[in-house]
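Chains as they are written, first to last, in the numbering used here: chain A, 3 to 139; chain B, 3 to 139; chain C, 3 to 139; chain D, 3 to 139.
Hint data in this document are derived by calculation from the structure and do not stem from the laboratory. Please note: incorrect hints may appear among the correct ones.
[What the hints assert, rightly or not] Label-pair ranges, simulated between beta-carbon atoms: (1) C:Ile29 x D:Arg17: 23 to 31 Å; (2) B:Ala20 x D:Ala126: 38 to 46 Å; (3) C:Ala126 x D:Ser94: 37 to 45 Å.
[Stated by the list, open to error] If you want the ones that stay clear, here's a sample from chain C, every Cβ over 10 Å from chain A, calculated: (4) Gly30; (5) Gln31; (6) Ala70; (7) Ala79; (8) Gly97; (9) Ala137.
No residue lacks a Cβ here, since even glycine has one placed at the ideal position from N, Cα and C.
4 protein chains.
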Amino acid sequence: MTIKSESVSLEDARRIIAAGEAEAASIGQPSNIAVVDAGGNLVAHVRMDGAWLGSVDISINKAFTSRAFDITTADLAEAAAPGAQFFGISGSNGGRVMIFAGGVPLRVDGRVVGAVGVSGGSGAQDQQVADAAAAGF
Amino acid sequence: MTIKSESVSLEDARRIIAAGEAEAASIGQPSNIAVVDAGGNLVAHVRMDGAWLGSVDISINKAFTSRAFDITTADLAEAAAPGAQFFGISGSNGGRVMIFAGGVPLRVDGRVVGAVGVSGGSGAQDQQVADAAAAGF
Amino acid sequence: MTIKSESVSLEDARRIIAAGEAEAASIGQPSNIAVVDAGGNLVAHVRMDGAWLGSVDISINKAFTSRAFDITTADLAEAAAPGAQFFGISGSNGGRVMIFAGGVPLRVDGRVVGAVGVSGGSGAQDQQVADAAAAGF
Amino acid sequence: MTIKSESVSLEDARRIIAAGEAEAASIGQPSNIAVVDAGGNLVAHVRMDGAWLGSVDISINKAFTSRAFDITTADLAEAAAPGAQFFGISGSNGGRVMIFAGGVPLRVDGRVVGAVGVSGGSGAQDQQVADAAAAGF
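Just chain A, same shape as in the assembly (with noise of 0.2 Å):
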């Protein structure tokens, strides 16, 4: 017996990383947005005009840490520094795992169908430009 699942489409990733942008935009930080599928594979990216280059791979890897572990960043952040129990993960997944805020899971009927991940200001910025991003879904 198969597995259903249900994930973010295109369309899904369009409007989280248009609520993103505008909150992005609203304070005045230009920011990398990323959004990844059920699968933790990438939909959809953008980086607004003058936003960090060293943020397009933390953004997409933000999200993608977001889901393959369905938590956000900054909960994992606190698990995975040093002493607590996850210190080391970011070690793991050839790199791609983020240990700071800006990656939040996607939810449906509170299923992960995917994660979003945001990067180019502090990790407060980045935290609220993912959450309303999120709640562009």
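Given chain A, put chains B, C and D in place with the hints provided.
Then chains B, C and D, alone, in the frame of chain A:
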């Protein structure tokens, strides 16, 4: 004396991707479409619903390759064939050099200001979608 | 509408490196010095005779990091410390993010047009050489 | 009993690069030129204005390859062709082995003390620039 240059914006990238998507839809071949800037860094990416997962990386790296060498990946493919002058180039740049059709430089008055990469169908389809995308610029 | 930008030239890079070398020589600390352009791509690198082999990569990646996030790597170091908001960022971008002193953005009228990275001595020495190099721009 | 060796200095590398640049300029082909020492480690690199971004990595690795196997990369290309004895060697050394023209060992009395790598034009152009660079040594 610094060098003046110009590069595609996110708005440009969206117009380019939209043109590519329209072409991909018209031939019934869901595709990944990516745009990089003048520095070879990702500006935007979309994976159309149903497009291959393995083509995320390929589309981004076809775009990178076209900017990295200011050439279509179809033309590079010929130069990178066994016996040709660049055979082996696909092993350079950490495996990011793609030597099959679907990457096209984006030009303004002859100067390369970015590139588009498409992956999802046959080489001929990818080229057709990439050409349509570039024409949208 | 494309984005106009500017970037360091090879001539700029040589002047920057020469200034860094003079400082490194004056403090008796052979160093690796690298300059990247506005896209984060290497423009020039030198390893002074006797400088550490392992610092080739570090100098290039300090320069990359400073451009990737428009920040000195010394400042990034604070934000990337355990408990700080970007702890874990050094695992991003394929291991290219350096979070210790010696990378400095290069600016024209406040806009980042490249970066210089220095590695070879203590953090304080690398910073001193990088500052001197940047001042040479 | 330890092994005595000799290697190119930074001063040597600069003279070699200058000779390569002069040749590249004379044929109107902006190039990346890199010099490695007897240990295969980078001594110096320049990217002439307008040279391909993707050639940064290639020039450095052509130089590495020429020293790693004490051979021109043009000669290695023949041995690494499909059906030849070293076919597949380009997959070794983490993808650093370049099997097309442009890498040339640097010798003193027949002993290899480093190598130069050039990337930016056709295979014939890269070879010509690399030969001129090596002659400058």
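For each hint, the structure was consulted:
no.: 1; hint: C:Ile29 x D:Arg17: 23 to 31 Å; verdict: holds, 26 Å
no.: 2; hint: B:Ala20 x D:Ala126: 38 to 46 Å; verdict: holds, 41 Å
no.: 3; hint: C:Ala126 x D:Ser94: 37 to 45 Å; verdict: holds, 40 Å
no.: 4; hint: Gly30; verdict: holds, 33 Å
no.: 5; hint: Gln31; verdict: holds, 28 Å
no.: 6; hint: Ala70; verdict: violated, 3 Å
no.: 7; hint: Ala79; verdict: holds, 15 Å
no.: 8; hint: Gly97; verdict: violated, 6 Å
no.: 9; hint: Ala137; verdict: holds, 24 Å
Hint compliance for this structure: hints 6 and 8 are broken, all remaining hints hold.
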